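A.B. asks: Spelled out from the first residue to the last, the chains are:
4 protein chains.
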Amino acid sequence: MEVELLVKNATIATASDVILDQQIAVKDGKIFLLGKDLSNIVNAKSTIDAFGAYVTPGGVDSHVHLHQDNAPAGDNFETGTRSAIAGGTTTILAFASQKKTDESIIPVVEEYHRRASGNAYCDYGFHLILSKPNATILEKELPTLVKDGGISSAKLYMTYARLKLSDYEVLDIMNATRKLGMTTMIHAENGDMIEFISEHLEKQRITGPYSHALSRPGIVEDEATYRAISLSELMDIPLLIVHMSQKTAASHVRNAQTRLLPIHAETCPHYLYLTSTRLKDPGDSGFAGAMCVCSPALRDDPMDLEAMWAGLNNGTFTTVASDHAPDKYDHPQGKKAGLIDGKGHFRKIPNGLPGLETRMPLLFKGVLDGRISIQKFVELNCSNPAKLYGMSDRKGTIAPGMDADLVIWYPVEGDKKMGSFALTNEMLHHDIDYTPFEGTEFANWPRYTILRGKIVWDRDGVGLAGVKGDGQYLKRGSSTLSKPRDIWVNDWRPS
Amino acid sequence: MEVELLVKNATIATASDVILDQQIAVKDGKIFLLGKDLSNIVNAKSTIDAFGAYVTPGGVDSHVHLHQDNAPAGDNFETGTRSAIAGGTTTILAFASQKKTDESIIPVVEEYHRRASGNAYCDYGFHLILSKPNATILEKELPTLVKDGGISSAKLYMTYARLKLSDYEVLDIMNATRKLGMTTMIHAENGDMIEFISEHLEKQRITGPYSHALSRPGIVEDEATYRAISLSELMDIPLLIVHMSQKTAASHVRNAQTRLLPIHAETCPHYLYLTSTRLKDPGDSGFAGAMCVCSPALRDDPMDLEAMWAGLNNGTFTTVASDHAPDKYDHPQGKKAGLIDGKGHFRKIPNGLPGLETRMPLLFKGVLDGRISIQKFVELNCSNPAKLYGMSDRKGTIAPGMDADLVIWYPVEGDKKMGSFALTNEMLHHDIDYTPFEGTEFANWPRYTILRGKIVWDRDGVGLAGVKGDGQYLKRGSSTLSKPRDIWVNDWRPS
Amino acid sequence: MEVELLVKNATIATASDVILDQQIAVKDGKIFLLGKDLSNIVNAKSTIDAFGAYVTPGGVDSHVHLHQDNAPAGDNFETGTRSAIAGGTTTILAFASQKKTDESIIPVVEEYHRRASGNAYCDYGFHLILSKPNATILEKELPTLVKDGGISSAKLYMTYARLKLSDYEVLDIMNATRKLGMTTMIHAENGDMIEFISEHLEKQRITGPYSHALSRPGIVEDEATYRAISLSELMDIPLLIVHMSQKTAASHVRNAQTRLLPIHAETCPHYLYLTSTRLKDPGDSGFAGAMCVCSPALRDDPMDLEAMWAGLNNGTFTTVASDHAPDKYDHPQGKKAGLIDGKGHFRKIPNGLPGLETRMPLLFKGVLDGRISIQKFVELNCSNPAKLYGMSDRKGTIAPGMDADLVIWYPVEGDKKMGSFALTNEMLHHDIDYTPFEGTEFANWPRYTILRGKIVWDRDGVGLAGVKGDGQYLKRGSSTLSKPRDIWVNDWRPS
Amino acid sequence: MEVELLVKNATIATASDVILDQQIAVKDGKIFLLGKDLSNIVNAKSTIDAFGAYVTPGGVDSHVHLHQDNAPAGDNFETGTRSAIAGGTTTILAFASQKKTDESIIPVVEEYHRRASGNAYCDYGFHLILSKPNATILEKELPTLVKDGGISSAKLYMTYARLKLSDYEVLDIMNATRKLGMTTMIHAENGDMIEFISEHLEKQRITGPYSHALSRPGIVEDEATYRAISLSELMDIPLLIVHMSQKTAASHVRNAQTRLLPIHAETCPHYLYLTSTRLKDPGDSGFAGAMCVCSPALRDDPMDLEAMWAGLNNGTFTTVASDHAPDKYDHPQGKKAGLIDGKGHFRKIPNGLPGLETRMPLLFKGVLDGRISIQKFVELNCSNPAKLYGMSDRKGTIAPGMDADLVIWYPVEGDKKMGSFALTNEMLHHDIDYTPFEGTEFANWPRYTILRGKIVWDRDGVGLAGVKGDGQYLKRGSSTLSKPRDIWVNDWRPS
Ligand SMILES: [Zn+2]
Ligand SMILES: [Zn+2]
Ligand SMILES: [Zn+2]
Ligand SMILES: [Zn+2]
Ligand SMILES: [Zn+2]
Ligand SMILES: [Zn+2]
Ligand SMILES: [Zn+2]
Ligand SMILES: [Zn+2]
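Protein chains in written order, with UniProt numbering: chain D, 1 to 495; chain Y, 1 to 495; chain P, 1 to 495; chain Z, 1 to 495.
Hints are computed from structural coordinates only; laboratory data are not their basis.
Since the model is a prediction, treat every value here as computed from it, not as a measurement.
Note that identical chains are pooled: a pair holds if it fits in a single copy or bridges any two copies.
Dumping the calculated DSBU-like pairs for lysine-lysine here, alpha-carbon to alpha-carbon at most 35 Å:
id	residue 1	residue 2
1	K247	K179
2	K100	K203
3	K179	K483
4	K203	K348
5	K140	K203
6	K475	K416
7	K247	K164
8	K140	K468
9	K247	K483
Chain D on its own, in the form it takes in the complex:
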């Protein structure tokens, strides 16, 4: 039988198992057969020998900001997804972001479709960002977007003036997303605390990049996380808390999970590897730290980083995402927007880091360093995001019938092992002029990225082998990880 691709000698890793010496036959973009020896069964147009190497599902990066209005110096769908595949990510979820003035979100979604369509190197879907709920949106538009549009998730913010929702508004939206089985995501930082500190720092003219970290101490995330969990419990709704970075906040999640509340959490590579000392970078007359301004802020205490690693291991975190939200550094609408007359103004520095291409390699580094198992790597980066966001029927694992999205890594040992290298931004494929991981040593990297059976990244060959438009829009269903439990705090019920 004719197949497009045969991967031989694979050590297949799923979220639970490591299976040695496997062969994978790919046909019509799908995984067609798994077996120990398919050589007498299939006839492959091309063959890859994965001897000694892990073969994992393609990465699913469920938190990516591309071509948003608030980031004119960021990546667009072309440059962002290009960097995705070069880093082993075959599916991304980007945001379609409502402005508070938008009375309807249908045009918002249409606009983001226009921005993405034909431009993507990898498959993609959209989360909504809801910044101002109204009855039309909640009762008419959301059902349509879920059923017809395949958009089954929304992100809410507890901070940023232009996005911040009151607790009342969060409850109102949760009431709607609950009924629709949407996955609800929340950015948990106490906006009032941040505003208060920021104003006081400004009054005291303490405004360099590090003031960003001062203005967002861990307690800001700690409090908001506890509140978000409480709102979720009150509304009996599963919730994902995005980009967690802080130890106490993570303990709230774990305590909620102990009680079986359907609370999920996400962390990001930068919260595993970087501390706030990066914001004190003396370079560029003290402004270089702006490159590491993101929210939540990088933490002061390495114990917070340890807590994130521990949370990966002990099950606190459901997913790892990049929160790729980059801005060029040396660009008037990029990070340099915060440099006025030679002085840093932390409140004017756009928030966010590039990280789409480095996410999978940085987590694989955690595997090599003995911090997490390879199964946990797959669970966090591939399977769980696919399950949580309603696409585990196609993405996130290696099994017959699934999309043939694969990452073939270099052998862990032996003479085909990849030579170690120190990352430079030039090696990356985004449209950003820096990476916070400049200089980080990598002992492995995706050797091949395969999207629905097509080799789109061939590191030792042409490099980028895919083209703009390879990526397709994904209609998604409901989470298979959790759903409302119909357990309420008392006899009240939402109408």
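Given chain D, put chains Y, P and Z with the ligands in place with the hints provided.
C.D. replies: The following block gives chains Y, P and Z with the ligands in isolation, referenced to the frame of chain D:
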């Protein structure tokens, strides 16, 4: 030497000690001498034999609402303080409450002075209620009120539309009260949650008195308590959380205390004795439950009550107060305001219970039932409120030089023991037409209440022996229980 | 290509994934191919249509007592493994138990090999029970048994006079098992507490079956669990705590896991479904409760059962095992050994329940009841025991090259759905005269059990299709779940 | 009226109150009068002006080892109590220690009476140490010793071969002490763990003084504390855990207190001030660290010390005691017993530190440093030990009728303030050749110590003013702090 009063055979209880067989000589309204036998030393105008009975300091009720504009059917200073002394309370702290439209609080305080002056049976002071901070109030008026006015405490609200402060406003006020050494109190309930549930209950026409409890589930207090503690930690400020009622919320306080955060907590007798079944009282066609509408709501789960008793015992609670905030039941501006066309409307029922007169006896009942020690009784009801609110130089313990505010109880055993009785509202001295403790059995009650040496309550004699005007206004200083620690979450500091 | 068996229309469940509409080809006792449609590829001697049904890996029951000297009225390898396959279990781990007088354990293992060899219906391996360590055993025999004998696990006891080890002895054995990479299991109950209570109950002539529960209150497990975890932390060794039943004890495990200590835990179906009221069964003049005498004792409080279910869900438990340790009820050396002159003597009732055949169906019932996911079912009952006990290279998941051990369940819906039934002991295949689950309703049960490609249980056909001797001895390697971390409490190291 | 002593201008501190400007009249060894101005009332033989200074109750050191057989190079009653009064301690509780071979403890107690009688400078009582219970001791002798002998407390050990009790024996003793209302104390360290580590260190010839700390890591105390609390809960008995030093162990106590278990805890000055680096003292060829060998060992981590201070503050600790258990350093039966052929042998170094004289000053230092309040100082060092050990009718507070045991400190400010000094061992009054607090700076120290009205320490005058024999034996009653609650883990009861 001539003295006014000699108390003999006293078992004196302080917050730490029980001292048998004591004599107390009172002179010029102060405790003059303590000794085993003063009979050869002083010559007393009157003598009380306290044989077999505890003598405790006069009660300090630090949370009492009198003659506030929002409670036209409540108690005024005359009727409230009258009931205080009949229940063993010799000092109260009432509220001077700012309206959101008040740009200055000086007239507010003056008005409350007018309402109280000459009317009080017991000593009194004022807390501020701040509902709308502005620069003048925070920077000019508060310092004056503290220094000259002897008002060293303020209460903030996280709920009620007319009082609710945002987190930002709470921080702003804390910044001012911190500098002035004021004791900051907070009503911790999440107003948005309450509003959301209430609206949904209304839409579903579930509006009887019990809906009040439905609209204020424990999680409302749990969340707000955690948030209040976080705000306190961020601002490095001691905080008292008023009228706590819920187990998880209390655990937040205890955890904070474990970490040495200066968090104090208050609970009330109704949270020790009553559950929300009282709101389902079928009487008066189902409206009688309105009598027990208060905020936080009485709890559904008796385990919450157990947790409050445990919290008294293990040190979680600093004080017990009545939160006396009564409204007549059968009055168009009282509880019956919530009865419209024969149907209950929980949102229109004024919140609050009478409790000033019953507080001390109900807690003493806890002593007799083996729930708390007599020292803990004194600590919670007398000493700690005096310390926390800056009047421990005069109030809250029995020692030479202190105001001679005493409660002489009935003997615990022997033939002078008080006969047990079931409480009826007629026995009480407030101007309210019911008590939530109707029918409660009491095996002890203040036999004498003594205010600055004067017998103002003589239960076996004339009963009420004091007169309107006996009570004096108290200028208070700073808390001697805790103060800012100058420990901050990072290097930010308020300006 | 010729294969022995083709399973069609399978909904394959692994510990992470549910894959619809799969075909499984089995060849030489192994899983040969997985694909969506193998009909044009393989030619199968027999075919099973699993339409609408889950296909899971064969069950691995890692805690089974068979033919032990202390249970003359229990099951032997023939009757035990017979019941295993009828309940979907294809692999068991039984015990080779050292007596305190045994100076060598080699003959012990040989004896158990004799007892099992040729008698098993399913595959089997041995754990050691070590009741008296000596240098020869620890330094010479254990290494041999691990390397040559394929015995990679040992169970230790903290109670039972004939088995109990001191903390010192536990440390001594841990030091040896740590070096050998053996999985260490511990029965955590405080033997002294049990002994003390038992003696006092006897003195008071309170000796019926329920006294067994009185003598083993939850605190007995709570304390010993905390101690066992401490010993493990001191020795830097992974540990499995067997047959956990109690809420606080489970919280110790979870707290340890939060800290990334390599602590594993097992629970059993009876701790999920039964409470100690069973010990008060009035039948047989009050002795019938003896049927439910096991250790740890069934718990009084249903909240403990809820905590076990929660622990399955939130990851506290690594495995579920039957702890099949049965004794006939009506047998002089069985439960009736505790009935003397018509009076129950709890200390003479042999401890243990039958449960090998019911384990998988009872947990599948948890899936149907929405208590756990099907993936969690597979993880707990199949994958994790295979991983923890070093046989995940052959057992515990469905993938090419693995042993073709499968359970095909009935369709969850549709007309092929199994009719619900109430269990009676006659339906079971053990050699025990009762089941504690008599009368329990089941809506599903293994329809086929397949052992290395052979149908050994065909519920709608011949029933028992396997024969004595089908089962093979399993040489096992080290756990792939965890290993020593080389993190120590201070600078001390064992020699 | 004639009195012996008048203290004027006292700032009296009790466990709850600080009362300014007090006068204390002492008559017949008792506090006779308290008043603001006694000058017209009493005529005093001697007067002390305490202007600006705290006057506290005399210290009660409830954990002191004197003249025990196992410490031939330690203090006896004369030298120990001499140092007590020079440090502000007016009451001590020493130990009468049973050997495992003692079948009766009556002679043991008699022997200790002989050792103490006529030799003491301060009042004293005895705890029992029970190392081997038997029926006669538990049922006959203990009741006699409690009722007639005034010995109402016993200490049990979980470590040391010559003293260690099994859990069973602990329960057996608790059963007896519970019935008698005795205060039960426990030394909580896991002896098996210590033995195991010690043997391994010895095998590796790692035997210097610091090996003592290696052999007793914090987990040794952590585990034993949890076990001791469990034993206490099982037996429904109040328990004091002596000399706590470790953070996790302290958290077990606090958690137990949260649940209202009657668990008390004691810590010691050395666990507040010293870390295990002291054991690495390079002096004397590396043996000088032996001076700081005590059990529990000084902790490695300063966070443990912080946790002890926090525990003082938040109420975890009931008492502070010295655990004065000294041995001369340069003495063949002292610390040097551990120096053999020039090499340290940690297991041969006698355990214990001198600390009786420095306890009160070191804790007062905590007051001056803002670590604890003066009331907490009194509570921990005076009132609570008096209450817990049944002598609060005479000791532990300042009130009419109490023994006139007072410490008059130096003024905190002003020109009478004590000059700061660095402690040297020569300043102390014990018979030990070193102090672990050599060089510690003190800004205050007892200026006068008064024992039952007699000035026994006059630092600026004769120094030691008391004489051998001033101290009297104290018959004690039951604890007034807690008692059995009659709450049991299930329906079992001890016989
Ligand atoms: Zn965000
Ligand atoms: Zn983001
Ligand atoms: Zn309030
Ligand atoms: Zn109030
Ligand atoms: Zn067992
Ligand atoms: Zn077992
Ligand atoms: Zn000790
Ligand atoms: Zn000691």
